[in-house]
Amino acid sequence: MNKKGEILVGNVVFIILNVIYLSILVIFLYTQGSGVKIVEETYAKEIALLVDYSQPGMFFYLDMGKAYDIAEERNVDFDKIVSKDENLITVTLDSSNNRKGYSYSFFNNVNVVITPQKEKKIYVFSIEEK
Amino acid sequence: MNNKGTEQIISVYWFAILIIVAVGISAMVFTFYDHPYDVRELEADILMNKVADCISEHGVIKKEIINDKGEFQRDFDMEELCNFNFKAPDFSSEIHGQYYVLITFNDPNGNFLFDKEGGDNYMRTLCFAKEKIAEGVTLPGCAKAGLFAVDLTGKQYSIEILSGVLKTTKNVRV
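Going down the list, the sequences are from chains A and B. Start counting the first sequence at 0; every next residue gets the next number (numbering that gives the first Met the number 0). Start counting the second sequence at 0; every next residue gets the next number (numbering that gives the first Met the number 0).
None of these hints come from the bench; they were simulated from the model. Warning: the hint list may mix true and false statements.
As a list, the in silico DSS-like pairs of lysine-lysine whose alpha-carbon atoms are at most 30 Å apart [what the hints assert, rightly or not]:
| hint | chain 1 | residue 1 | chain 2 | residue 2 |
| --- | --- | --- | --- | --- |
| 1 | B | K61 | A | K129 |
| 2 | B | K115 | B | K143 |
| 3 | A | K129 | B | K62 |
| 4 | A | K120 | A | K36 |
| 5 | A | K129 | B | K154 |
| 6 | A | K120 | A | K99 |
| 7 | B | K86 | A | K79 |
| 8 | A | K119 | A | K129 |
| 9 | A | K83 | B | K86 |
| 10 | B | K129 | A | K129 |
| 11 | B | K86 | A | K36 |
| 12 | B | K131 | A | K129 |
My request is simple: use the sequences and hints to build the entire structure.
Okay, structure coming up:
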């Protein structure tokens with residue numbers, strides 16, 4: 000009876016250790032996938048490609064929910080996540096240590112008007128003729 | 000006693016397996032996320048479609064390219080005509096330009112008549128090389144397509160468009 004109890008405790012410890020191990024792996028994978036650099040790069044390239052594809056008179060909006068969460072954690076103002084300089088889109092989700100975010104250029108010679116809508120966690124991009 | 004010894008050996012092996020799996024997964028994840036997303040093919044495809052939309056309207060070649068007498072306007076500025084800006088400030092430190100476009104006008108039988116380049120023609124050879132023989136990540140993203148159009152006199156042309164996007168440092172881990 001006593002021996003059976005020992006086996007059960009051993010199994011429980013074994014299962015708990017396995018669960019902890021798997022949890023650490025899952026958390027590691029999740030944090031790697033939602034890292035600042037990767038999210039910045041994804042948004043910057045997505046916006047640049049959408050601008051390239053669009054024509055004057057069009058507008059599009061982008062769900063920035065993921066960026067909003069990361070920016071809030073790192074005390075970055077939602078309105079300052081996406082910026083534009085000439086034909087260069089920059090996404091900044093962490094401005095500590097003078098980080099400048101990730102930039103990607105577009106070839107479409109248009110004027111892009113960027114309007115953040117914090118309450119909806121979206122950015123609206125209006126494409127205008129230059 | 001013997002049973003306990005076996006269990007201990009198994010648990011050592013088990014932990015060794017766990018560590019090997021963890022190291023393996025970490026290495027795979029680091030390798031995967033260490034590479035930037037390669038969007039050059041997509042960008043070249045958009046550029047090619049933009050050029051196609053730009054050179055002809057409703058199947059008629061613009062008069063800035065072939066005038067109403069059927070003459071090629073050899074000195075037209077592609078960037079201006081198609082409303083492109085081929086300057087890429089994020090690659091300003093690089094020697095070569097980041098975009099390339101080649102438009103080739105042939106007669107309907109495929110005989111060459113005229114071509115026009117835009118951007119950095121350094122990519123011309125690289126795109127042809129990629130198309131013919133090589134598959135390399137450091138080669139530019141290229142796209143190619145053809146269309147038929149007529150000029151203002153009604154003469155028919157077969158047009159080939161080749162576009163290339165270099166942007167290697169931001170799309171490939173060199």
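(message) Would the hint linking K119 (chain A) and K129 (chain A) be met if the CA-CA limit is 30 Å?
(response) holds (29 Å)
(message) Does K129 (chain A) sit within 30 Å of K129 (chain B), going by the straight-line distance between their CA atoms?
(response) Cα-Cα ~35 Å, so violated.
(message) With the threshold set at 30 Å, check whether the alpha-carbon distance from K120 (chain A) to K36 (chain A) stays at or below it.
(response) This hinted pair holds, its Cα atoms lying about 20 Å apart.
(request) Verify the proposed pairing of K131 (chain B) with K129 (chain A), using a straight-line Cα cut of 30 Å. (result) At roughly 39 Å apart (the allowed maximum being 30 Å), K129 (chain A) and K131 (chain B) break the hint.
(request) Decide if the proposed pair is consistent with the structure: K115 (chain B) and K143 (chain B), CA atoms, cutoff 30 Å inclusive. (result) holds (15 Å)
(message) Run the distance test for K129 (chain A) versus K62 (chain B): straight-line Cα separation, threshold 30 Å.
(response) holds (22 Å)
(request) Verify the proposed pairing of K120 (chain A) with K99 (chain A), using a straight-line Cα cut of 30 Å. (result) holds (22 Å)
(message) Would the hint linking K83 (chain A) and K86 (chain B) be met if the CA-CA limit is 30 Å?
(response) holds (15 Å)
(message) Can you confirm whether the C-alpha distance between K61 (chain B) and K129 (chain A) stays at or below 30 Å?
(response) Holds: K61 (chain B) and K129 (chain A) sit about 21 Å apart, inside 30 Å.
(message) What's the verdict on K86 (chain B) and K79 (chain A), does the C-alpha distance respect the 30 Å limit or exceed it?
(response) It holds: about 25 Å lies between the C-alpha atoms, which stays within 30 Å.
(message) Need the status of pair K129 (chain A), K154 (chain B): alpha-carbon distance at most 30 Å?
(response) violated (34 Å)
(request) Would you check the hint for K86 (chain B) and K36 (chain A), treating anything up to 30 Å between C-alpha atoms as holding? (result) Given that 30 Å is the threshold and the Cα spacing comes to 24 Å, the pair holds.
Comparing the model with each numbered hint stated earlier shows that hints 5, 10, 12 do not hold.
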